[in-house]
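A.B. asks: Protein sequence lines, in the order shown, are assigned to chains A and B.
Using the working numbering, read the first sequence as starting at 1 and increasing by one per residue.
Using the working numbering, read the second sequence as starting at 1001 and increasing by one per residue.
Treat the hints with caution; some may be incorrect.
Counterexamples of contact, computed for chain B against chain A with all Cβ distances above 10 Å [as the list claims (entries may be wrong)]:
(1) Leu1037
(2) Ala1065
(3) Ala1077
(4) Arg1078
(5) Arg1096
(6) Asp1100
(7) Phe1101
(8) Gln1119
(9) Asp1146
(10) Ser1149
(11) Phe1169
(12) Lys1170
(13) Thr1185
(14) Arg1190
(15) Ile1203
(16) Arg1207
Listed below are the simulated DSS-like cross-link pairs for lysine-lysine, each with C-alpha atoms no more than 25 Å apart in a straight line [what the hints assert, rightly or not]:
(17) B/Lys1209 / B/Lys1170
(18) B/Lys1193 / A/Lys4
(19) B/Lys1209 / A/Lys4
(20) B/Lys1208 / B/Lys1170
(21) B/Lys1193 / B/Lys1170
(22) B/Lys1209 / B/Lys1118
Not everything, but these chain B residues come out facing chain A in the computed CB check (under 7 Å) [stated by the list, open to error]:
(23) Gln1097
(24) Val1151
(25) Ile1160
Derived from the structure by calculation, the hints contain no laboratory data.
Treat the numbers as computed from the prediction; the structure is a model and nothing was measured.
Glycine included, every Cβ here is placed at the ideal spot set by N, Cα and C.
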Amino acid sequence: MNCKQTEELLPLYAGRDLEEERATVVTEHLQTCAACARVANEYRESVVLTEQFAPPVFSEAVYAGIRQRVQREIETEALAPTWSHTIASLFRSRLAWAIASMLLIVVSMFAIYFMMNRGNVEPQLANQPPANVQPGTNERSKSGPPDSSVPAGVNTGGDKQHLARGRQLQRRKRSREALADRVNTVAAKSPEATSTSKTLRLEIQTKDPKIRIIWFVEPETKSAIPSSKGI
Amino acid sequence: MKLRRRITLRAEPASDMALALDIALPVNALISDQTSLALLIERAAAGDTAAFERIMIHSQQRVMAVTWRMLGNDADARDASQEVFLRVYKYLKRFRQDQDFFAWLYGITINVCRDFLKQRQAQRSRFVPLSEDAEGVIFAAADDADAESIVLQVQQRELIARAIALLPFKERASIVLRDMEGCSTEEVARVMKSSATTVRSQISSARKKIRIYCQQQLRRAGQEKAR
């Protein structure tokens, strides 16, 4: 065994961590090599110093303090409420029930409100673009009574069956008027509306497929109150 | 939740076995019998804090010695020891009776020290010299040695402390367990969850570094003296 190989083994040799056979070989080499023997001594000294590196003697008060803190921590941890306890206590309280009841009432009210307003949907425009309508029709609808705004020829077969539901009809009328106002406002802005001389036709498809409102506007009666027919 | 259940169990009347154990092992008595230790562990795992107190008394010096050697100062050693015992209590249910309790305890201690060192590294705290932090410490050599030998001992202690502080974590843990705690290489390997060959290599490397550091410091001290 040469010096380099011995030097590699010296840290384990100094701490008696080598197997017996290899330790014997190293011992033999150290007897013949002064340089390696000196390094081996240095290792032995540092190992002895390391082994003697004992902690100071702590007083019993130090250990008692540690134990006390540990016990306190364990008790604190044991008393700390967990998530499941927090949730369970929340469900036990009367406040939770009150909040739940209020939420239920609010949700029910919203549901009833939406159910009642489901039929009151604004009618949609169909077939004709709003540009074909002449301005001035809104004056008639605005000036006349609410009932007179509905043309005589409008197919209101569905409404006849539900005459008792006057309130619903009134709402529909109001929505139609509002739609007519919107159509006329759009038509007034369009340049084509004043230039054309043909009869204008406006079809309005309500939500009910049985009801369709069709308006005819005569160009001659442009200055007067427009006479129109509903089919 | 688990801890709550354990504390509730503690409130139950003591069993005959527990009473017998109380008689056999008065408070502050060290546990010499392995069976007694096993019983204490069983009781502590069931939530008996008195039994856990005895386990702490039995193992506090070993834990404190390892944490002090690993961390290099008293304050950290105390905090780390406290954390070790808290973890022991928390994981005591996982401890199997066929395991070596102290190997298991050393494993937890080394893990806690690793966490502390990481934390310290994050805070970029410096290594506290031993002489600066000696509250509640009684030096063993103070009674029967003259002033010169005390100074020499303190210097040697600081020298080794600084050398150990420079070691990488695994090498430090291996050398502390092997050379200072007197564990065998196989035991160290078990604690470190590593092979004996790896541990031997770590120990060899650590000894080399300690020797080089000590020689450098002694040479420097000799040069300063010569001036």
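A.B. asks: For a quick check of understanding: which of the numbered hints are violated here, in increasing order?
C.D. replies: Numbers 2, 3, 4, 13, 15, 16, 18, 23 and 24 - these are the hints that the structure violates, sorted from lowest upward.
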